[in-house]
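All chains should be built: construct the whole structure from the sequences, respecting the hints.
Taking my numbering, the leading residue of the sequence shown gets 1, the next gets one more, and so forth.
One should not assume that every hint holds.
Stated by the list, open to error - Mimicking EDC-like on lysine to aspartate or glutamate, the simulated pairs with C-alpha atoms at most 16 Å apart in a straight line are:
hint, residue 1, residue 2
1, 225, 267
2, 218, 235
3, 63, 102
4, 328, 256
5, 143, 5
6, 225, 235
7, 221, 267
8, 218, 341
9, 221, 235
10, 206, 256
11, 218, 273
Claimed, not checked - Listed next, with one range per pair, are the computed distances between beta-carbon atoms:
hint, residue 1, residue 2, range
12, 208, 244, 17 to 27 Å
13, 336, 208, 12 to 22 Å
14, 299, 351, 20 to 30 Å
15, 269, 187, 58 to 68 Å
16, 5, 299, 47 to 57 Å
17, 124, 340, 51 to 61 Å
18, 370, 70, 24 to 34 Å
Because the hints were derived from the structure by calculation, they are not lab data.
C-beta: ideal position from N, C-alpha, C; glycine also.
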Amino acid sequence: MDRKDNRNKIIIRTGIIGIVANVILAVFKAVIGMAANSIAIVMDAVNNLSDAASSVITIVGTKLAGKDADRKHPFGYGRVEYLSEMLISMLVLYAGITAFTESVKKIIKPVKPEYGSAMLIIIAVAVVVKIVLGLYVKGTGKKVNSDSLVNSGQDALLDSVISITTLISAGIYIIFDISTEAWLGAIIAVVIIKSGFDMLKETVSKILGERAEVSLVKDIKATIKSFPGISGAYDLVLHNYGPDMYNGSVHIEVPENLRADELDRLERKITMEVHSKHNVLLTAIGVYSYNTSDERAVQIRDNVNELVTKDEYVLSMHGFYIDEEEKKMRFDIVVSFDAPDRGKVYEEAHEIIGNAYPEYDIYISMDADFS
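Structure, rendered in structure tokens:
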């Protein structure tokens, strides 16, 4: 069984456990809530049903995301998991809005609840079940990098807090004969709505395309630079096609005298090593050459680097090469997204180096801070 199939099986198994547990809890809470005339308990039951629906969506999304790549979708269907995360977020939002509406109705027309010892014991047991379920689902989600499971687990832990507040409300009513049911329901609803909105915001951000994790970028670059002759790895761009599914491109800096056949073998080795170690497919490897026999070129490179990086928005310089025969100098600068005007930073760098080395034609490429 490969890594992908094993991950999908774990997600599906965890989802099924979540469905069974939430349906059982929802039935018990619905019966108790209606018997006790408690809006908070009924809303808690509805929330359990939404959790069960979330698990169904997670399972369906995982199944669809596991489909093999085809002609229409050559990068596979991994991003379906993000769509399932979005559906879960919207479901949580809907549950919160529904709960808030019902709670407001009860605030306007209050109805006193009727609690019994058996009812409170069942709710207490439900709290324990939801805590255990939430920790299990969230932990599994982090282990297999499934945000759908992480969201479901987080929602389950939130449910346990909701159930605890329901018990507190019951205690207040029994001891002081003060009903806080409707108000508690409204507060719970607001918490659910915020949780759903946060989940939705995070999912939309992933669909738009986020920067890859710093640790992954560093590890990939370290793997590439471990090959003899490579002095640097730059411009690493990673495209996410689902959890743990990356395609990417990178530039490597190699000696100017490296033959084409040697470069070809080197690139193939890098591609295999990066895929083996990091599960990232490098679909393109570009090349920067560096001067190996001209000590003056090294001195100029160091000076140019010092000049351009004096600007706080120039994060780094790389890909430096001097062609003495044609009197050309070329290099790249990485300009921060924080710069008020990235184009102006580029123009100033070009002017500074042009003034420092007027005998050369200057070619500067401006790179974005992708990674």
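Comparing the hints with the structure gives:
1. With a C-alpha separation of about 12 Å, the suggested pair residue 225 and residue 267 falls inside the 16 Å cut-off, and the hint holds.
2. For the hint pairing residue 218 with residue 235, the CA-to-CA distance comes to about 12 Å; that is within 16 Å, so the pair holds.
3. Of the supplied pair hints, the one linking residue 63 and residue 102 is violated, its CA atoms being roughly 35 Å apart against a limit of 16 Å.
4. Restraint check: the Cα-Cα separation between residue 328 and residue 256 comes to about 15 Å, which is no more than 16 Å; the hinted pair holds.
5. Distance check on the hinted pair: residue 143 and residue 5 sit about 15 Å apart at the alpha-carbon level, within 16 Å; holds.
6. With a CA separation close to 13 Å, the supplied pair residue 225 and residue 235 stays within the 16 Å bound.
7. For the hint pairing residue 221 with residue 267, the CA-to-CA distance comes to about 14 Å; that is within 16 Å, so the pair holds.
8. Distance restraint check for residue 218 and residue 341: the Cα-Cα separation of roughly 28 Å exceeds the 16 Å cut-off, and the hinted pair is therefore not satisfied.
9. Between the alpha carbons of residue 221 and residue 235 the distance comes to roughly 10 Å, so the proposed pair stays at or under 16 Å and holds.
10. Using a Cα cut-off of 16 Å, the hinted pair residue 206 and residue 256 is violated, with the two alpha carbons roughly 39 Å apart.
11. Using a Cα cut-off of 16 Å, the hinted pair residue 218 and residue 273 holds, with the two alpha carbons roughly 15 Å apart.
12. Between residue 208 and residue 244 the beta carbon distance is about 19 Å. The supplied range of 17 to 27 Å therefore holds.
13. Roughly 20 Å separates the CB atoms of residue 336 and residue 208, a value that falls within the hinted 12 to 22 Å.
14. A hinted range of 20 to 30 Å holds for the C-beta pair residue 299 and residue 351, which are about 21 Å apart.
15. Between residue 269 and residue 187 the C-beta distance comes to about 59 Å, which sits within the given range of 58 to 68 Å.
16. Distance hint for residue 5 and residue 299: a CB-CB separation of about 55 Å, consistent with the stated range 47 to 57 Å.
17. Judged by the Cβ atoms, the range 51 to 61 Å given for residue 124 and residue 340 holds: they are separated by roughly 57 Å.
18. Residue 370 and residue 70 have their C-beta atoms about 28 Å apart, which keeps the hinted 24 to 34 Å range intact.
In this structure, the hints that do not hold are numbers 3, 8 and 10, in rising order.
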